[in-house]
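Q: Required output: the full structure, derived from the provided sequences and hints.
Listed in order, the protein sequences are those of chains F and X.
Per the numbering used here, the very first residue in the first sequence carries number 2; after that it's consecutive.
Per the numbering used here, the very first residue in the second sequence carries number 17; after that it's consecutive.
Simulated from the structure, these hints should not be mistaken for laboratory data.
By construction, the Cβ of each residue, glycine as well, lies at the ideal position given by its N, Cα and C atoms.
Watch out, some of these pointers could steer you wrong.
DSBU-like mimics (lysine-lysine), calculated; alpha carbons at most 35 Å apart, straight line [unchecked claim]: (1) X/K581 / X/K501; (2) X/K439 / X/K581; (3) F/K153 / X/K581; (4) X/K501 / F/K153.
Footprint (simulated), chain F over chain X, 3 or more residues, beta carbon under 8 Å [as the list claims (entries may be wrong)]: (5) 565–578; (6) 652–661.
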Amino acid sequence: MARAAKGQKAYAAKAGGRAAAGGRRGGSHLWLQGLVCGAVLAFATPVAVLVGVMLMPALAATLIETRPGRPVTRAVALAGAAFTVAPVWHLIQAGGGVPAALDVLADPAVTGPAWLAGACGWALCEVLPVLLRGVAAMNAQARVAALDAEEKMLRGAWDLEEG
Amino acid sequence: MDDAGTIAGHYRLDPAQPSARSVGGLRAFAATDERDPVRKLIALQLRPDLPARPRWLAPQGAVPVEHAMMALDHGPGRDPGGQPCWFVLCPAPPGPALSVAPAVWGEAEALRCLLVPAAGALCALAERGLTHRAIRPDNVFRAAAGEKATLGPCWAAPPGSLQPAAYEPPYAAMCLPTGRGQGGITDDVYALGVLLLWCVLGGAADWADGVALAHRKLEHGSLAALAGGARLSASLQDLLHLMLADEPDHRPTPQMLLEPNQARSRRLATRPPARATRALDIGGESAWSARELAAAIARHPEQGVGQLRAGLVDRWLRRNLGDNGLAARVEECVHRRAAEALSDESRAQAMLVMRVVAVLDPLAPLVWRGATLFPDGLGTLLASVLASGNGPIAVALEELVANDGITQWCGCQTRRRDLPALKQDARDWRGWLATRGPMGGVKRLVYALNPLLLCGSPLLGGRLAVRLTDLLPALEDAAGQADRKRPPIDADIAAFAAARADLALVVELGQVDGFATEADRAAVLGFFGRLQLRTHPAPLPRLAAWLLESGMIALTRWHSLATRKALSEALAQHAQAGQIAPMLALAEDSGARAADRSGAAHAAARLEAIAAERAFLAADAPQRAAGAERAGQDIAAATGLVATLAAVLVLALAA
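A: Here it is in structure tokens:
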């Protein structure tokens, strides 16, 4: 018992250490992200403005979502990114500044698909798990039914109680 | 009785004379032989408590003997009232019994018409190793005055069992009637002598009181006790003196009696038994000689044992009888009893009485707790006391065998010639009695010692079975009214079969203990199957159905329900055909049983696997749901990633 308690204490200490280190790593990531965002805002302001507006749904999802791994944010960001890549590329190639970026953003044919894609990403992320859970449950039920039928058949053919 | 209503296949009760009469102490009916209708026969009805004598009914016993009614055949039948009984067939007697019309016979007529023909018949019997033991006025017949007499039937009852005490030698008369044993041909000579005296006296003798008469015989000698004050010719007196000698060896042989004048001229150098100067009183009886003392102790064992332990008996033997050797032997018996560690005091007392009586009078019968018998009469005595419900004597006899009393009695005997064989028999009897299970015990002993005793099982419902071959037909006949929930075997049938059959047929029955286990039921079924193959190949549909209905074939032993159904149908077919052996073969098919067990094991394992899988499915549902959710989210992310990569690719290509 004493040895077990000692082991548990050691494990808890280790776990606490790992959590503290994770917190430190999360803090450093946040600091790094802030640094990158600051650098982008400082040195590529038009691109930053364009990307920031185009991926506004993803940013919103980031703020709202609390699930570990942020799956909705990930899906919304990746879906929106598909329609953000081309405007950003054209902006860079044209060498435009912030006004050019704002012109691009003023075009609903550019921002609309990006935001719509984000919405689709969100919808997919909510619907697909429900669908897959249903499929899995149906599979399990079908298997249970098959097992029931086999058991009934076996019990109907064999008397395993006596003899 | 066979299907044609005949007895033993050829004989039939005469419907013209349906009423029974008494012949030789048994009910007798007129009978006819279908092969020879003119021949006059009688059928004697056996009594259940008096087993017939097997040696007489064996083929060698059935050879005709002049002036003796020999048995022709025997078998089951029904009396005119329809009751099943066992009959023994023999020629009708030539006339009425001597007791029907008692008359004073002249000496010459008695010798010519009674003694010589009877002696001739006894000679023939002696050559075959048989004794008659039923010579008395109501069992000796003659057609008319002046005709030669014929000895009546004797084989339908145990030796001497129906004899009045007067017609038996004193030691046999002391025995219980059915325990008198086979005896010797000289015992027949004795009975013939008494009958001769009865005829000469004109049937006027009063010999009714058996116990007192036996006592008088021991005290005064048989001739004096029987003849009383009657006047007899000197020649007849000499002859009767020899024929009625107490010592069997002193009596003339039947061969000698064929010439009565020579027989009576024989002289015996015998001394009368030593007589004491003062009588010893035991239980109110005064004993003047050693044999009277033995008889008194046998009749009053409690008082006898008291005097033995007090040393009064051996002192009396020394001082008053002057027989120091006998006194020493009696003293040895008392000391031996003290040294023996018999836990039961009354059993120790019975053993002491038995030994002392045997020592005091070597000719005396065995005495054990109120049962007086010659050991070779044990079987018939046991059968009769069991049939009549005489519990105390039955228990005493059982105890006698179980305690090896007969061997102990043999150890005290000095006169008998058959001791080694008797000891061996006693060991066998003890072994049968000690055998556990349905093949042993007192029933086995009774059936083994009485080869013609009817099987007493209530399952037979009054049907008769004497031989092993009678058992299955009787059960088949009884199956119609039987309670078929009970198996068609009980302790009586098992003991009967064990006694009548060879070991191979019944060996499995020895292990049967109730019918609860599969092995017990298989043993019973196996027994009936083998018995049918051996003794009765004809169909036995009712018995086979009885075996099925009583659960002797437990279909529940089979796990496969389909096999059970198929087996049940096949068994029903075999039962309908009345063949038990194929039913056994089906039930005991080891290959099919192994396949059934293997299939059942496989099914059980599969059921376990199903249960485990079902439990896993129930327990794994949350993990499965979480996995599905993760997969959905991953698919959504992957879709976006693919779209992004596709956009990059399109831009790259366009550039």
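Q: Which numbered conditions among the earlier hints are violated in the structure presented, ordered from lowest to highest?
A: 2
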